[in-house]
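**Q** Here is how the chains run, residue by residue.
There are 2 protein chains.
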Amino acid sequence: MDATVIKIGGSLALYQEKLKILCSKLRVASKKHNILVIPGGGEFADVVRVLDKRFTLSDSVSHKMAILGMDQYGFLLSDLIKGSQVINQLKHIQNIFDSHKLPIFLPSNFILRNNPLENSWNVTSDSIAVYIANQLHIRKVILATDVDGIFTRDPKKYSDTKLICELSARKLESMNERTSVDKFLPKLLSKMQIKCFVVNGLFPERVEDILDKRNAICTIID
Amino acid sequence: MDATVIKIGGSLALYQEKLKILCSKLRVASKKHNILVIPGGGEFADVVRVLDKRFTLSDSVSHKMAILGMDQYGFLLSDLIKGSQVINQLKHIQNIFDSHKLPIFLPSNFILRNNPLENSWNVTSDSIAVYIANQLHIRKVILATDVDGIFTRDPKKYSDTKLICELSARKLESMNERTSVDKFLPKLLSKMQIKCFVVNGLFPERVEDILDKRNAICTIID
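Chains as they are written, first to last, in the numbering used here: chain H, 1 to 222; chain C, 223 to 444.
Treat the hints as calculated values from the structure; they're not laboratory data. Hints may contain errors.
As the list claims (entries may be wrong) - Distance windows between CB atoms, simulated:
#: 1; chain 1: C; residue 1: S381; chain 2: H; residue 2: P116; range: 48 to 58 Å
#: 2; chain 1: C; residue 1: Y380; chain 2: H; residue 2: I21; range: 38 to 48 Å
#: 3; chain 1: H; residue 1: E166; chain 2: C; residue 2: E340; range: 50 to 60 Å
Note that CB positions come from ideal geometry on N, CA and C, so glycine has one too.
Bound-form chain H, shown alone:
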């Protein structure tokens, strides 16, 4: 399918006005490009983490609860993106593109029914976005987060760190550092023909540049 999956990271919800700008830019971009939005988990997943720790829940149950958190954020995004439509079945996506709406995929129905991925906190919305893209034969995934991409060391902790412009899934898998993407992602990407862009959604012009195939500050996992 000729389209781009954009995962809107949950962390962006902490930047209310900037998230609104990103959403309105996506609406404009969706007139030129087929864009499928997949929501992150953010604060909705964080509360699941808290309860998981408090009750030592089973992996399967906390996984399901976190994915419901993605649905919650998807509904929130549907309020911010004019002309969007939430969907929970992959087969409806082409119809929504055809009707010039911007689809937001709520993953719980699909993921809870099919359970295709490891049930652990290593699998978050990053892996789910890539998994869904692959199901739809979409070859371009943008992971919009609140940092500029993948760094040599965690930029929220260290100052002596550098943005990596491009790296392979295999190289990403071998990194010991915690990065801005989930741990399962490189495993998935190494099996798939997908080009993945990790980009700072606080700068919507970078997302537009990637959609329009211009150079942008980001990390490309290829």
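We have chain H already, so just place chain C on it with the hints.
**A** Chain C alone, transformed into the frame defined by chain H:
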């Protein structure tokens, strides 16, 4: 249907050990009584409230997000109640009773599809529990919360307050005080043949007493 709906309030998740005791007592009680558990919202709904305030979401969207929070808590409860089974369709409940399992109803599938109730924060899991009970012709609903019942004044704010043992839905509707149940509940109850018990779930023996038709410290709305 000869059964009792028990809504397990989300606030009880703050009392980890006590919630576990309540859950194990419910499992025992379910061998004598048909019990249908409906989850509250608690911390999962609270994060929706925070995001609703931050983004001034539409009533419809925040309602859906909060109901997904009930599903999340339902999954959590399924980990705490041995022999339980989550379901999202009302028609399966009798089968689950027949197989001696304890059903936990995840409301999002039903409520998001049918949208039978006002979309506002006046409608919480209290009203949803009563609505679902009525759909199933269940005439007894227990709302297990973290206070002893409905008081003349909010017991978390005032010391000069008294537990009300029994009151009508109409009387409840006329109360100006914020109570431990949602604002929409009396409107619903006034139209239904349901006896509703508001009880402190931190004392599971009170819940057992109500199930066994013994007197208990609680508020009966009749």
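**Q** Now tell me, hint by hint, if it's right for this structure.
**A** Each hint, compared with the structure:
no. : hint                           : result
1   : C:S381 with H:P116: 48 to 58 Å : 55 Å, holds
2   : C:Y380 with H:I21: 38 to 48 Å  : 46 Å, holds
3   : H:E166 with C:E340: 50 to 60 Å : 52 Å, holds
Checked against the numbered hints above, the structure violates none of them.
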